[in-house]
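A.B. asks: Chains as they are written, first to last, in this note's numbering: chain A, 1 to 792; chain B, 1001 to 1295.
Hint data in this document are derived by calculation from the structure and do not stem from the laboratory. Note that the structure is a prediction, hence the values are computed from the model and not measured. You may find that some hints are simply not true.
Claimed, not checked - Distance windows between CB atoms, simulated: (1) B/GLU1042 x A/GLU140: 29 to 35 Å; (2) A/ARG454 x B/HIS1119: 30 to 36 Å; (3) A/GLU140 x B/ASP1149: 53 to 59 Å; (4) A/GLU140 x B/ALA1254: 55 to 61 Å.
Stated by the list, open to error - Derived list of chain A stretches under chain B, where covered just means 3 residues or more per stretch with a C-beta under 8 Å from a C-beta of chain B: (5) 343 to 355; (6) 439 to 447; (7) 636 to 644; (8) 712 to 719; (9) 722 to 731.
From the three backbone atoms N, C-alpha and C, an ideal C-beta is built for every residue, glycine too.
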Amino acid sequence: MSERPLSFLDRPNSYIGKSVPRPNAQRLLQGRGVFVDDIRLPRLLHAAFLRSPYAHARIKHIDTAAASRRPGVVRVVTAADLAGLCTPWVGVLTHLKGMKSAPQHPLARDRACWQGEPVAAVAAESRAEAEDALAEIAVEWEELPPLASAEAALAPGARAIHDTLGDNLAFARAVDAGAVDDAFARADAVVAETFTFARHTGVCPEPRSILAEFDPGDRRLTLYCSSQAPHMMKEIVLRHFPLAETDVRVVCRDVGGSYGVKIHVYPDEMAVIALALLLGRPVKFVADRLESFVSDIHAREHRVAARMAVSRTGEILAIAIDDLTGIGPYSTYPRSSAVEGNQIVGLTGSWYRSANYRARLRVAFQTKPPMSQYRAVGHPIACAVTEGLVDLAARAIAMDPAELRRRNLIADEAYPWKSPAGLLFEKLSHQRALERMLELMDYEGLRREQRDLRAKGIHRGIGLASFVEITNPGPAFYGVGGAPISAQDGCSVRLEPGGSVTCAISVTEQGQGTETMVAQIVASVLGVALARVRVVTGDTERTPYGGGTWASRGTGIGGEAALQAAKALRANILDLAGAMLQAAPGDLDIAEGWIVDAETGARRIGLEEVGRAGYFRGDTLPPLTQPELMATRHHQPRDYPFAFTNGVQASWLELDIETGFVRLLKHWVVEDCGRMVSPLLVDEQIRGGVVQGLGAALFEECLYDAAGQLRNGTLADYLVPMAAEMPDIEVAHLETPLAGTELGAKGIGEAGTAGAPAAVMNAINDALAPLGARVSEQPITPARILRALGRL
Amino acid sequence: MLTPARETRRARWEDVLKAPSFAYLRASSLAQVFDALAEHGEDARILAGGQSLVPALNMRLSEPRLLIDINPIAALTGIERRGGMLRIGALTRHSEVGASPLVARLAPLIHQAIPHIAHPAIRNRGTFGGSLAQADPAAELPACVLALDAVLHLASRRGERAVSARDFFRALYETALAPDEVITAIDVPVAPQGTRSVFVELARRRGDYALVGLAAEAREVGLRLVFFGVGNKPVEAGAASAALAAGITAERIAAAQAALARDLDPPGDLQADGATKLHLARVLLGRAARALMAA
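Looking at chain A on its own, in the form it has when it is part of the complex (with noise of 0.2 Å):
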């Protein structure tokens, strides 16, 4: 025996570091699950929203008449009807300073302030019906010149998109850290690029859907939605809707993916809950594909110019970027559309060692639909700005792009490390990760398997990116700004009379494998059987209180307190079976089950006996015995705001001059994220990021027009990665435990799309590098990649 007893991480049955079927898989793939779409309740209503069709226009006059005529409709609502039943909301932080937007309501009042705003509802007894009559509700609309650029809403002179706000401006930030003028002035080169990044979307496979069910006999609202934070929504509601705490209860079934998309307050949804008060009846609204387009929050959409300074030798001396990012006509709610262009300017360059930084942000109102959180927000621009400029800054010196980020990444000693940013990284492994990446790729083999290929007119490219990942956020993300979202979350773990155990947590399940996660981790520590363990998730009244399952906190803060609260029940349990077999509690274990005598692992009772003393026959345990067959912790990142992770991503690819085509290769992620729970899952999270990071390098974008009508809202048109066009994936671990938990794992959802756009865009431009071309902007489509190779 060793001098320390096993912890349960290192115990022979523990599943933690394993990779387990998903005990939800074989439901889902049976097309069983519960989505919201799936529940019916008694008297249902469905609702159909009518939204603008310009991207700017006063509303004159509405006449809702003939569409309450129609057959089925019990209700056609406007702004006016829901007036008293719904506050507006203002999507702005406090602790960003300076931050402002307007009030939003649930349906457009007066003015619509982008093609697809909400406009009026239609409540009826079938979608169809409601959506038959959608079609004979008559707007007078008086269009209004659109401002669907960022660059127009902030030029001088630009009309205010809201009178009450003065200008277009609804953040700024700048910072200016070292000495970033002299380093500029001595540098031996210096390089510049303007990226751009088009504005995107998150295409869920199950589009936003809510159920709102109340009761006027007891003014009880029941909320089913398509959520990742169902405490977060219940105290929207109780914000905004004349509800008491006691009487609001969220419920979020299975969610078919959400990425961000769900995490926001929407005012079609809001318009749902309103309909429901008003009219005592169910009403559900599921988005289809085409209003999801225009109604769902956008992403991205930014221009960085960066510029960034090196020496001779390979020494990165300063970093510059100017961000201007386009977030719509209001800041969403409640986490505000100034994070992305906030990340930027926190993360860009902040995985190299320049002490010298200098940032400015700009996030301008335009009459587009609102942009904000979704997945890896703000990283894979930080991260194409930085690595595209530490690529044109090798080629710039002439030397080799894995030497000069081999010469620059922050050593793997260093830590703890401030950015001048002001992040704090308190353990990283860039430098590992960077060779073991050269190694898994093979490098060398690949830049001379690249250069015989171009001798025979074959065009190759090869990048890499590094980049650092935000998990587990703290309070000082969201909730000092005075937004009602959760830093903690808490788990409570129950011995059932027959030995297995029921563990409801409040991170949320949205087809990722949380809930794999929770009983991997809660049934490692009780010694029980994986397939003994039920979890429940995503229900505000069956559930601890905490945020949910958004960025990357799932494992890192959900699943520490799920193993705090299966060791307070694994000590309670060893308490009442000390009692039971009059043995200390210290010389008893548990394992697949059992009570067994710690020294010898020999069995003595079974999990079952436990139980069944404990809740039913009390008259047999010692006087004064309480048990305790439940208990709950709660979990809440304190050291350091972020647990920020890294890794580092590289991509190989084939460029067809002629066409422009792109055919990726094969693509290689290596990634620390702390301690991994389930291999698997981490793989999978991995992969399915990066898949969402190559649609934007390649693919996704939401096409405007000048006047902001949308032209691609089909999944015919709007082009996401699809199977046959994505590589295989390859993807290495390296584990460096998080401090200041048992657990010590990190997150791992972002990583992906953090790093691929920048990975694809380098390989690209080492492709294209010897025709003396390079692109900038994403998606890099084919027609860009020609235009920069002067062949139109």
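Mind docking chain B on chain A? Use the hints.
C.D. replies: Showing chain B alone in chain A's frame:
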């Protein structure tokens, strides 16, 4: 009178279907189809594979009063050789055409084109005749039947008529098909010995409508080059073809590529502007010509 059970079913479907209300006729014979078309004219739409029609209904882009389902009519299905012609029933699924050894041998251009049509699930439902009737200018099969000088058989209560592919496609989604007519079959001239066929297209993602595509067929009588995705219907590139008439050489390929500007004036679409499309058409022409040269 609806039975209670059927009423329940109806209510449930109304929850999920968002197409406007329409009547549905499951036709068991062509005569039934003709009668329904004669009676309802443009208010009726024929439901074959439904791969374009059903999405259009659900998006309310099309609001017919009546759907005439021709799927039960077995006479519209099948592939057979009839003398110098290969006859493909209008209701034959893309997947069946793609798997047919007869098509592979006698109409290799079509055989090459089928895998480019959308995705397997769509090819399992979508029909040969349906694709021609839809006449999407970026679709594969209209270009193929034009390149092959196929003949479409149209029928109505008024009688039958044969229309050459050249006369069939008129404008964007517009064909020679009258409101009371249905396509029954397509006759494709059997490829003589020595025929060389090349089908190439460029799509952003596998299965997407092409940015530009080319169906090329070289026979004794001459070279047919039909581009798609470059206009409001498939476009025959006569000038480019003429430039290659004396035989394909590297120099003549360049001349044909230059001549393509006389054949094509592609309008831009969401994925590429006109100049990009013309450039890509030239690239495809070069690739197809070199492939024909090697074949």
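A.B. asks: Against the structure shown, which of the earlier numbered hints fail to hold, in ascending order?
C.D. replies: Violated hints: 5, 6, 7; rest satisfied.
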